[in-house]
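Listed below are the residues making up each chain.
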Amino acid sequence: MSLPAAAVPSGAAATAPARGRVLPSAMPYLQALPLWLVMGVFLLIPIATIVMVSFWEDQETGLAPTFILDNYRDVFATQVTFTTYLSTLRYAAIVWVSTLAIGFTVAYVLAFHIRSTLWQMVLFQVCAVPFLTSNVIRMISWIPFLGRNGLLNSTLIGLHITDHPLEFLLFSPFAVVLTFVHLYALFMVVPIFNTMMRIDRSLIEAALDAGARPIEVLRHVIIPLSLPGIAIGTIFVVTLVMGDFVTVQMMSGGQSASVGLLIKNEISLLQYPEAAAHAVILLLTVLMMVWAILRVVDIRKEL
Amino acid sequence: MEKSGPRHWLLLILFALFVIFLYGPTLTIFILSFQGPDGGLTFPMRGVSIYWFQNLFEPQMVGDFGGSLERSLSLALIAPSLVGVALFGFSLSYDEFSRTIMAAGSDNTLPLEVFAMTTNVTTPVLYALGSMTTLFSFAVVITVTLTVLAMRRKRGAKLAG
Amino acid sequence: MAEAGVELVAVTKRYGAVTAVDAIDLRIPSGSYCCLIGPSGCGKTSTLRMIAGHEAATGGDVLIGGRNVTLLPPAQRGTAMMFQSYALFPHLTCLDNVAFSLRMRGVARTERRRKAAEMLERVHLGEMAERRPAQLSGGQQQRVALARALITNPSVLLLDEPLSALDPFLRGKMREELKRLQRDLGITFIHVTHSQDEALALSDLVVVMERGKILQSDAPRAVFEKPRTPFVARFLGGHNILECRPGTGGLALSDGCAIRLDESFTVSSDVVRLAVRTDRMRLLANDQAMNRLAGEVTAVEYHGPFVRVGLQDKAGSDHSLLLSEADFYARPVALGERVFAGFQPADVHVLAN
Chain A
1 MSLPAAAVPS GAAATAPARG RVLPSAMPYL QALPLWLVMG VFLLIPIATI VMVSFWEDQE
61 TGLAPTFILD NYRDVFATQV TFTTYLSTLR YAAIVWVSTL AIGFTVAYVL AFHIRSTLWQ
121 MVLFQVCAVP FLTSNVIRMI SWIPFLGRNG LLNSTLIGLH ITDHPLEFLL FSPFAVVLTF
181 VHLYALFMVV PIFNTMMRID RSLIEAALDA GARPIEVLRH VIIPLSLPGI AIGTIFVVTL
241 VMGDFVTVQM MSGGQSASVG LLIKNEISLL QYPEAAAHAV ILLLTVLMMV WAILRVVDIR
301 KEL
Chain B
1 MEKSGPRHWL LLILFALFVI FLYGPTLTIF ILSFQGPDGG LTFPMRGVSI YWFQNLFEPQ
61 MVGDFGGSLE RSLSLALIAP SLVGVALFGF SLSYDEFSRT IMAAGSDNTL PLEVFAMTTN
121 VTTPVLYALG SMTTLFSFAV VITVTLTVLA MRRKRGAKLA G
Chain C
1 MAEAGVELVA VTKRYGAVTA VDAIDLRIPS GSYCCLIGPS GCGKTSTLRM IAGHEAATGG
61 DVLIGGRNVT LLPPAQRGTA MMFQSYALFP HLTCLDNVAF SLRMRGVART ERRRKAAEML
121 ERVHLGEMAE RRPAQLSGGQ QQRVALARAL ITNPSVLLLD EPLSALDPFL RGKMREELKR
181 LQRDLGITFI HVTHSQDEAL ALSDLVVVME RGKILQSDAP RAVFEKPRTP FVARFLGGHN
241 ILECRPGTGG LALSDGCAIR LDESFTVSSD VVRLAVRTDR MRLLANDQAM NRLAGEVTAV
301 EYHGPFVRVG LQDKAGSDHS LLLSEADFYA RPVALGERVF AGFQPADVHV LAN
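First to last, the protein sequences are chains A, B and C.
Position 257 (the first sequence) corresponds to 257 in this note's numbering; numbering is contiguous.
Position 120 (the second sequence) corresponds to 120 in this note's numbering; numbering is contiguous.
Position 104 (the third sequence) corresponds to 104 in this note's numbering; numbering is contiguous.
Errors might be hidden in some of the hints.
[What the hints assert, rightly or not] Here are a few chain A residues that sit away from chain B, every Cβ distance over 12 angstroms (derived from the structure):
#1 Val181
#2 Leu287
#3 Met288
[What the hints assert, rightly or not] Just so you have them, the derived chain B footprint on chain A, three or more residues with Cβ under 8 angstroms:
#4 51 to 65
#5 134 to 147
[Said to hold, decoys possible] Per label pair, the in silico range of CB-to-CB distance:
#6 A:Leu284 to C:Ser137: 17 to 25 angstroms
#7 B:Leu17 to C:Gly59: 31 to 39 angstroms
#8 A:Leu284 to B:Arg152: 42 to 50 angstroms
#9 B:Leu27 to A:Arg115: 24 to 32 angstroms
#10 B:His8 to A:Phe76: 52 to 60 angstroms
No lab work stands behind these hints: they were computed from the structure.
Just so you know, these numbers come straight off a predicted model, no measurement behind them.
All residues carry an ideal CB built from backbone N, CA and C; glycine is no exception.
Using the sequences plus the hints, can you model the full thing?
This is the structure we're talking about:
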């Protein structure tokens, strides 16, 4: 029974070289070629360029293609680098904790507390749609809400909770964090929701059968099994926040710094080698963070 | 898992709060995009009009977008969403999602002009643009969802028959 | 072990407008092996889940050991459930899986690990303690699930189609093991299955369900020999169903052949359905006046110890004869041949409509 079935593919493979005029062993590589081309052109070459430029010299006449370490020395020599990194990491940490708390809760409700599949789909779309609209638009939409004369302040004054507009709401680190959370919460919701939907419902019943209280089901079953989703969401959110410059500049009103903003400012001053050096260090930092996350959680099953 | 009791309702309320958090600001700018011609970037509303929407599509007026630039901009803002939505509607799996991020997420680094525009433009025309793109995304999502549902129903009917 | 019979009193489960379980009454004696059997959607799984407490009864009461547990959570009922897909926690080792409920009960780590290891030994999986479920075969996973269910010393073990995911060879082995375990532990087993073989082989009490109702519950032999309705007879298999009409001299088949039987019966309608076991029919050498079925041979299947002959009567109904190998080859028949099958009055059983 299994013999002829096994013979078919090998027969097909045997005729393949005659038709395609390529060695069968080369086929997989050939099929992967387009992907490699795309990756090469759009990812590897740009990164290689950045790494290369980071060793060039910034002269008054232009860029000199040399190999110097001055750019990196400059980066590490200034206090600004460290305070900027600290500020960016702090943003990443606060935003990560907030999006994780919100994302996990929302995914949990969607996955375990909505009865019908149709409603699950509808509510998921409701959560997802805003993330398909322009980020810049979503960012500025906080301005009339949080501003001095914004909705929140008017409401608070109207309710006599405060007698003067709260200044910390807009153009402040608070506004930056709020906007980040608003922009990136879905990147936590989606992967966590995905892993949660794959949790066999009978596992929860088995836990209840074993005498677990709902909070213990969460701790011993749902959270451990959602870890891959949490890791993927964490990678999304952390890398997005680490590389951001628009949100920080706009929502902090220029009061806050981020590594991305630092690089952007250097670029606008045409200091390409310095910017490249910063970019390489930022890239390495983020890669190390991703590596650390992958060391803790095995996400292979999710991909 | 129990689907009743105070815990269940508390969780549903938290979910509702998240939706309000998501949509609240967008709703604000949607309302503000109907500002009267003398209205500013914040409340109060000085009349209700579609002045800023007209402004958006009439480059000759005192808008801040030059005609063709404006058109290409709104297209650029919409196009990634289009791709994203098209992919999104079909599947909610990872591959699709990461592509959506690539597509839709790219407008946070869109031409710096867009970014500059948001800091320079001081009229609700900006909100009008925002409302338009958001409505457009909604329309596409709903269309795709309905199409998928209809296709599924059709397939279901075919299987049953 | 405390008296732990299970009793269902007018237990009902509705999902919206659909009634999955319709006011069933059932008494399962303590320490017995009970099989709930029926086609899919008959309400057997809902019934099991209501006993377990994973499904709330819409109406009626569930009593375990005389105690009304209808409103109690699963863990307080003295039951343990073995799930169809085993529901082992994929992120925990076998030992931690087995120790899970002890952990939930606050048993100290060393103590619960010792007990779990003992239980794993009992199901012959001691050396697999540190493996993850995904690293085990289906049969091994099932034994882990069994160990996990038994570690809390339940008085009732609930099994949801426990053997359906196994290959036929393992299924047979596991069936023996389940029965032995039940006898050794002396606790009540309630086992949901759609396999007649399983139900007949394992149980002290077979409960046949259809459309949310219990059609018949009795010892396996009683159910098989005296199915109450045509549905039970067909579902259990091994029966030919004959439609007769009452006439002046008694019952007669549609071709006029008279049927004599030992069982007494009352005629309540114009059709009386009779069941005759397939292994109690014989091929006849010639046409006899009574208790014979005429038909055309539609199938001859060799099964080793016996041969199945398929027969189609004039009305188009299919029947089967299980003949011993020797009997068949003493007088073989061929496809398409017109034959007569006879049976004894003692082997005719009257079905309720």
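Each hint tested on the structure:
Chain B draws Val181 (chain A) into its interface by the beta-carbon criterion, the shortest separation being 8 angstroms against a cut-off of 12 angstroms. Every C-beta of chain B lies more than 12 angstroms from that of Leu287 (chain A), the closest at about 18 angstroms, which supports listing it as non-interface. Non-interface call for Met288 (chain A) relative to chain B: holds, since the shortest CB-CB distance, roughly 21 angstroms, exceeds 12 angstroms. Judged by the Cβ-Cβ criterion of 8 angstroms, the region 51 to 65 of chain A is not covered by chain B as claimed, because only 0 of its residues qualify and three are needed.
Closer than 8 angstroms: that is the beta-carbon criterion, and the region 134 to 147 of chain A has 13 residues meeting it against chain B, so the requirement of 3 holds. Evaluation of the 17 to 25 angstroms hint for Leu284 (chain A) and Ser137 (chain C) yields a failure: the beta carbon distance comes to about 45 angstroms. Hint check: Leu17 (chain B) to Gly59 (chain C), Cβ distance near 37 angstroms, so the stated range 31 to 39 angstroms holds. Between Leu284 (chain A) and Arg152 (chain B) the Cβ separation comes to about 46 angstroms, which falls inside the hinted range of 42 to 50 angstroms.
Against the hinted window of 24 to 32 angstroms, the Cβ-Cβ separation of Leu27 (chain B) and Arg115 (chain A) comes to about 28 angstroms, which satisfies the hint. At about 54 angstroms, the CB distance of His8 (chain B) to Phe76 (chain A) agrees with the hint of 52 to 60 angstroms.
The structure does not agree with the numbered hints 1, 4, 6 stated previously, though it agrees with the rest.
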